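Each chain, letter by letter, is given below.
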Amino acid sequence: MSELLQATAAQGRDGLRAGSAAPRRPWFLRWSWSPLRSRGAPLLVPLALLILWQVAAARGWLAEQILPAPSLVLQSLAGLAASGELWEHARGSLLRVGTGFGIAAVLGVSLGALLGASRRAEAYVLPTFEVYAQTPVIAWIPIGILLFGISGKLAVFLICIAALVPVVMNTFKGARHIPPAYLELARVYGLSRWRLFSRVVAPAALPSIVLGLRMGLSQAWLTLVAAELVGIERGLGVLIVESRNLFQLDIVLGVIVLLGLAGFILDKSFVMLERRLASWRGPAG
Amino acid sequence: MNTPSTLQNLLSFTLAAGLLAAAPTVRADEGRPSVIRIGFPGTGTGNRPVLGGAALSTAHLKGWVEQEFQKDGIRIEWNHFKYAGPGINEAFANGLLDFSVEGDLGMIIGRSAGLHTKVLAGDFMRGRYAVAVPSESSIRTLADLKGRRFAVAKGTAIQLCEVRALAKVGLQDKDVRAVNILGANATDALQTKDIDAVIGTPAQFFPLRDRGVARIIYESNTPEEQISGGFVGDENFIRKYPEITRRLLKLYVKAARFGSDEANRNTVFALWGQDGTGFQYYKESYRKDTMIEHQTPLLDDYWVGRFQDGVAEALKYKLIRKPFDIERWLDRNVLDAALKDLGLEHYWTPYRRDGRPLTRS
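These protein sequences, in sequence, are chains W and E. Under the working numbering, the first residue of the first sequence carries the number 54, and numbering increases by one thereafter. Under the working numbering, the first residue of the second sequence carries the number 1341, and numbering increases by one thereafter.
Source of the hints: derived by calculation from the structure; they are not laboratory data. Take these hints with a grain of salt, some might be off.
As the list claims (entries may be wrong) - Derived pair list, reagent style DSSO-like, types lysine-lysine, alpha-carbon separation capped at 27 Å:
no. : chain 1 : residue 1 : chain 2 : residue 2
1   : E       : Lys1623   : E       : Lys1422
2   : W       : Lys206    : E       : Lys1486
3   : E       : Lys1402   : W       : Lys206
4   : E       : Lys1658   : E       : Lys1402
5   : E       : Lys1458   : E       : Lys1658
6   : E       : Lys1514   : E       : Lys1628
7   : W       : Lys206    : E       : Lys1580
8   : E       : Lys1514   : E       : Lys1411
9   : E       : Lys1458   : E       : Lys1656
Stated by the list, open to error - Beyond 12 Å from chain E on every Cβ pair, some chain W residues (computed):
no. : residue
10  : Arg144
11  : Leu147
12  : Ser163
13  : Ala186
14  : Phe201
15  : Lys206
16  : Pro260
17  : Val291
18  : Phe300
19  : Glu327
Computed from a predicted structure; not experimentally measured. Using N, Cα and C, we set each Cβ at its ideal position, and we do this for glycine too.
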C-alpha cells in the first residue's frame, strides 16, 4: 500500500498528471526499498564487521594467532559441533545458568517483595544490598571457594549472586511504586490483605518483576565465563580458557560469538514468553 | 527513519578506526632498541617478579644484563608471566616480547601456531614433576587417579607431564577429570580437598607436605619423562639486532656456566630461592643431581629428541594441530659463537638421545 502511495506522490512531485503517459523508471527505482531497509538494517553492521574482519585477517593487520580468519573460526566451530564436544560444553553451561538463575529468581523476588512491602525492611536491608550490588562478581570468588570449594556449586553461586541484583531491585521497585490511586481504591473497597496483595499489588508489580527476571537472566548469562574460570571441567567458559591456553584463538572467537548469539536468543525467547503470559493475563492486567 | 548518510558515516568510521588500529607503530631505532623485553614462565610466591631455576634467572638476579647494556642506554624489561607458556606466546604474537625462557609444551604450541621465534639455547633441562594428593587421600599410585579430579595447568609444560604420567599406567586425559587450575590455586584446592590430585613441580608441594596437608605420590625420575625448555627469541629482533642478540646470549651462557659449577651450588639455590621457594626447598628439589645436567644450554641430541617426542605427543593428544620442522626452528649459530667467545666449547658434554653423555673416544 505504501508503495502505491509513494509512487503516486512521486508522480505528483514530477508534475505529471495521473494518467499521462510517463516513461517507466527502471525497476530498482520504482520498487520501494523501505521494507528491505528496515528488515535489513540490523544485519548491516554485523555484515560490515565481518567484511572488515575478513580483510584484516587476509591482510595480516594483526598476527594470525591473535586474529584468525573467519573461515578458520567457522571451520573449527563446525569441527567441535560435529564431534559433539561443543554440545557437551554448552550443556554444562546451560545447566549452570539455569540453576543459578532459578535460585536467583526465587530468592530475588522474595527479597524484593519483602523490601517493597516493609519500609522497615527497606530501611535496614536496602543500603547493604545496594553496596553489594556494586561489587564485581569476580571479587566473590575467594569467598565462594571458602563456602563451596572449587566445584560446580561455586559457578552456580557466582551466577546466582550476579542475577540476584536486577531481580531484587526491579521487584522492589515494582512492589513499592504501586500507583496510590490503586491503593486508595483498595482501601475504599475494604480489601483484605491477601486480596490487596493478589488483586492489586502483585498484578501491578508484575511487569517490573518480569523485567527484573529478564535482566537477571541476561546477567546470569554474562557471568558465565567468569563463573567457569575456576575448577569446572566442561563448559563454554572452560572451552574459552582452555583454547586460549592452547593458543587456538579461533575457537575462542567462535565461542564468544556463539555466547553472544545464545544470550540474544535467550533474551528474545524470554520476551516472547513475556508477551504470551501478558496476553493470557488479559488486557485488564 | 535512518538517513543513509548516518549509516554511511557509521561504516566509514568503523573502517577508519580499524585502519588506525592496524597502523604499524613507528620506532626510530638507529640500529639499537631502546628496550629489551625478556620473559619468564611464571611468577614467584605472592606474584613477585622473580623466578629461579633457569640460567636466565641467574643472569637476572645478578643484574648482569642491566650491567652489560647500560653503556648502550638500553633498558631491560623483565616480564614474569603468571600463565607461563600461554602468556608468553600471546606476548610474542602481539610483538610485546623479544626473548624468553619457556617450558617445552609452551614453546611447541607457539611454534606450531606459527609464531616467528627461534630457539637459541636449552634451559630448564630435566625438570622434575610430581603428583601430590591431600594427605588423607586414598590415592596411593598413579593408577588410582582414574576417574578422579586432577588439576593440571593446561597449555604449560606440566600438561605434557600429565600426559606422560598417565601413559605410564595406561591412562589417558579422558580417563581422569582434568581441571584447569594454575599454580597457587591448585595448592589451595588441595588444602580444601576439592581436587583429588595436582601435578606440578616438587618444590611447589614441599611446603604443603611439611605442613602435613599433602602427600607426594609420584616424582619423575627418568630422562624421557622430565621437563625440557629453551631460550627463545623473536625472529625479527634477532634479524634486526644480531649484535645485541649475540651479547645477550654470551651473558646467558656465562650464567649457565655459573649454575653448572658445583662449587656455586648453594649460592645458586640461595639466589633462586628469592622467588619465595627458599634455599632449603631448592636444595631438596635438586636432590643429588649434578647441576650441569640441568643447566646445560646445548641443543644436543637429547634436547632435539625431547622436543621431537614432545611434538609427537602434542599432536597425538590434539594439543597442537600440525607438526613442524625442529631443525628449522633452531639457530645454533648464536650459541656456537657465544661458546667460542667464552672459550666454553668443551665445557658441556653433549648428551645422546637417551640422555646419557656422548662419550669421547
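Given pair status - E/Lys1411, E/Lys1514, alpha carbons within 27 Å: violated, 54 Å
No chain E beta carbon within 12 Å of W/Phe300's: violated, 5 Å
Interface exclusion of W/Glu327 relative to chain E, criterion Cβ beyond 12 Å: Holds, because the least Cβ-Cβ distance between W/Glu327 and chain E comes to about 27 Å, which exceeds 12 Å.
Agreement of E/Lys1402 and W/Lys206 with the hint, judged by alpha carbon distance not exceeding 27 Å: violated, 47 Å
Distance restraint between E/Lys1458 and E/Lys1656, which requires alpha-carbon spacing of 27 Å or less: holds, 24 Å
W/Lys206 paired with E/Lys1486 [C-alpha distance capped at 27 Å]: holds, 23 Å
Least C-beta distance between W/Phe201 and chain E, which was stated to exceed 12 Å: W/Phe201 not clear of chain E: closest Cβ-Cβ about 9 Å, inside 12 Å.
Given as non-interface: W/Leu147, partner chain E, CB spacing beyond 12 Å: holds, 20 Å
W/Arg144 remote from chain E - nearest C-beta pair above 12 Å: It holds; W/Arg144 is separated from chain E by about 16 Å at its closest Cβ, greater than 12 Å.
Whether W/Ala186 stays farther than 12 Å from all C-beta atoms of chain E, as the label says: holds, 27 Å
W/Lys206 and chain E, when compared Cβ to Cβ, separated by more than 12 Å: violated, 10 Å
Satisfaction of hint between E/Lys1422 and E/Lys1623, Cα-Cα up to 27 Å: holds, 24 Å
In this structure, the earlier hints numbered 3, 4, 6, 7, 8, 14, 15, 17 and 18 are contradicted, and the remaining ones agree with it.
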